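Colleague: For reference, the chains in residue letters:
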Amino acid sequence: GQQLNQSPQSMFIQEGEDVSMNCTSSSIFNTWLWYKQDPGEGPVLLIALYKAGELTSNGRLTAQFGITRKDSFLNISASIPSDVGIYFCAGQRLSGTYKYIFGTGTRLKVLA
Amino acid sequence: DTAVSQTPKYLVTQMGNDKSIKCEQNLGHDTMYWYKQDSKKFLKIMFSYNNKELIINETVPNRFSPKSPDKAHLNLHINSLELGDSAVYFCASSQDPGSTEAFFGQGTRLTVV
Chain A
192 GQQLNQSPQS MFIQEGEDVS MNCTSSSIFN TWLWYKQDPG EGPVLLIALY KAGELTSNGR
252 LTAQFGITRK DSFLNISASI PSDVGIYFCA GQRLSGTYKY IFGTGTRLKV LA
Chain B
48 DTAVSQTPKY LVTQMGNDKS IKCEQNLGHD TMYWYKQDSK KFLKIMFSYN NKELIINETV
108 PNRFSPKSPD KAHLNLHINS LELGDSAVYF CASSQDPGST EAFFGQGTRL TVV
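Protein sequence lines, in the order shown, are assigned to chains A and B.
Its first residue numbered 192, the first sequence is counted upward by one per residue in this note's numbering.
Its first residue numbered 48, the second sequence is counted upward by one per residue in this note's numbering.
Looking at chain A on its own, in the form it has when it is part of the complex (with noise of 0.2 Å):
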């Protein structure tokens, strides 16, 4: 089945820094959310974007739904300890199934 594909895999960053994501697909989508899954849990909500080159932020995450409809970008400001875990974009059409199709996933390691 359909992926999207996230970059990077994975990345080790000192507390403070800046982080950045991205997450792009083959197709449109008409929604892109960021969910964020912590060790042992499952994945959780963060963020839901619903028109392309919409910008919403929550807290020190902001997120942007890309022009093109097909990628999406997820930033984290000044890291802190409990933002590790790994962060999955996931694209929904609102047609069809409305499936969601998840992205490969980024995971996040924070040195204190």
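Calculated from the structure, these hints are not laboratory results.
Remember, it's a predicted structure, so these values are computed and weren't measured experimentally.
Cβ coordinates follow ideal geometry from the N, Cα and C atoms, glycine included.
Be aware that a few hints might be false.
Below, simulated BS3-like cross-link-like pairs (lysine-lysine); rule was C-alpha separation at most 30 Å, straight line [unchecked claim]: (1) B:Lys88 with B:Lys56; (2) B:Lys91 with B:Lys56; (3) A:Lys300 with B:Lys66; (4) B:Lys88 with A:Lys290; (5) A:Lys261 with A:Lys242; (6) B:Lys56 with B:Lys118; (7) B:Lys66 with B:Lys83; (8) B:Lys66 with B:Lys56; (9) A:Lys300 with B:Lys99; (10) A:Lys300 with B:Lys91; (11) B:Lys56 with B:Lys114; (12) A:Lys227 with B:Lys118; (13) B:Lys83 with A:Lys261; (14) A:Lys290 with B:Lys87; (15) A:Lys290 with A:Lys242; (16) A:Lys242 with B:Lys91; (17) B:Lys118 with B:Lys91; (18) A:Lys300 with B:Lys114; (19) B:Lys91 with A:Lys261; (20) A:Lys300 with B:Lys88; (21) B:Lys118 with A:Lys261; (22) B:Lys91 with B:Lys66; (23) B:Lys88 with B:Lys69; (24) A:Lys227 with B:Lys56.
A partial selection of chain A residues facing chain B, derived with a Cβ cut-off under 8 Å [claimed, not checked]: (25) Gln194; (26) Thr222; (27) Leu224; (28) Glu232; (29) Pro234; (30) Ala239; (31) Ala243; (32) Thr247; (33) Val275; (34) Phe279; (35) Lys290; (36) Tyr291; (37) Phe293; (38) Gly296.
Please arrange chain B on chain A, whose structure you already have, making use of the hints.
Modeller: Using the frame of chain A, we list chain B on its own:
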């Protein structure tokens, strides 16, 4: 109160056995899902039910059979377990099929030996 709860959290079983995973949501949502997360952490949808009716059935072996006795419950039964079935299985729910946000359970780590 846990919004989406799965049992058991861990399941270790031998090849060939039949096992079930249960899921319950207390959010009043109409739609429930089963996802599989493999060892590389890829998340893939398996099934989705809306008001007890199957609406998504991905290419999943027919050894996997979901059952929704009511819209608050979606159980997953797996027959003749194989080594490749080892994964973390997540249950999730959303208000309706078109909802943006899905709420996930904590997952069931299935290990087939």
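Colleague: Give a verdict on every hint.
Modeller: Comparing the hints with the structure gives:
no.	hint	in the structure
1	B:Lys88 with B:Lys56	17 Å, holds
2	B:Lys91 with B:Lys56	19 Å, holds
3	A:Lys300 with B:Lys66	35 Å, violated
4	B:Lys88 with A:Lys290	19 Å, holds
5	A:Lys261 with A:Lys242	12 Å, holds
6	B:Lys56 with B:Lys118	21 Å, holds
7	B:Lys66 with B:Lys83	15 Å, holds
8	B:Lys66 with B:Lys56	13 Å, holds
9	A:Lys300 with B:Lys99	40 Å, violated
10	A:Lys300 with B:Lys91	24 Å, holds
11	B:Lys56 with B:Lys114	19 Å, holds
12	A:Lys227 with B:Lys118	26 Å, holds
13	B:Lys83 with A:Lys261	24 Å, holds
14	A:Lys290 with B:Lys87	21 Å, holds
15	A:Lys290 with A:Lys242	18 Å, holds
16	A:Lys242 with B:Lys91	25 Å, holds
17	B:Lys118 with B:Lys91	22 Å, holds
18	A:Lys300 with B:Lys114	38 Å, violated
19	B:Lys91 with A:Lys261	19 Å, holds
20	A:Lys300 with B:Lys88	16 Å, holds
21	B:Lys118 with A:Lys261	34 Å, violated
22	B:Lys91 with B:Lys66	20 Å, holds
23	B:Lys88 with B:Lys69	21 Å, holds
24	A:Lys227 with B:Lys56	20 Å, holds
25	Gln194	7 Å, holds
26	Thr222	6 Å, holds
27	Leu224	7 Å, holds
28	Glu232	6 Å, holds
29	Pro234	5 Å, holds
30	Ala239	5 Å, holds
31	Ala243	16 Å, violated
32	Thr247	12 Å, violated
33	Val275	14 Å, violated
34	Phe279	7 Å, holds
35	Lys290	5 Å, holds
36	Tyr291	7 Å, holds
37	Phe293	4 Å, holds
38	Gly296	5 Å, holds
Checked against the numbered hints above, the structure violates hints 3, 9, 18, 21, 31, 32 and 33; every other hint is satisfied.
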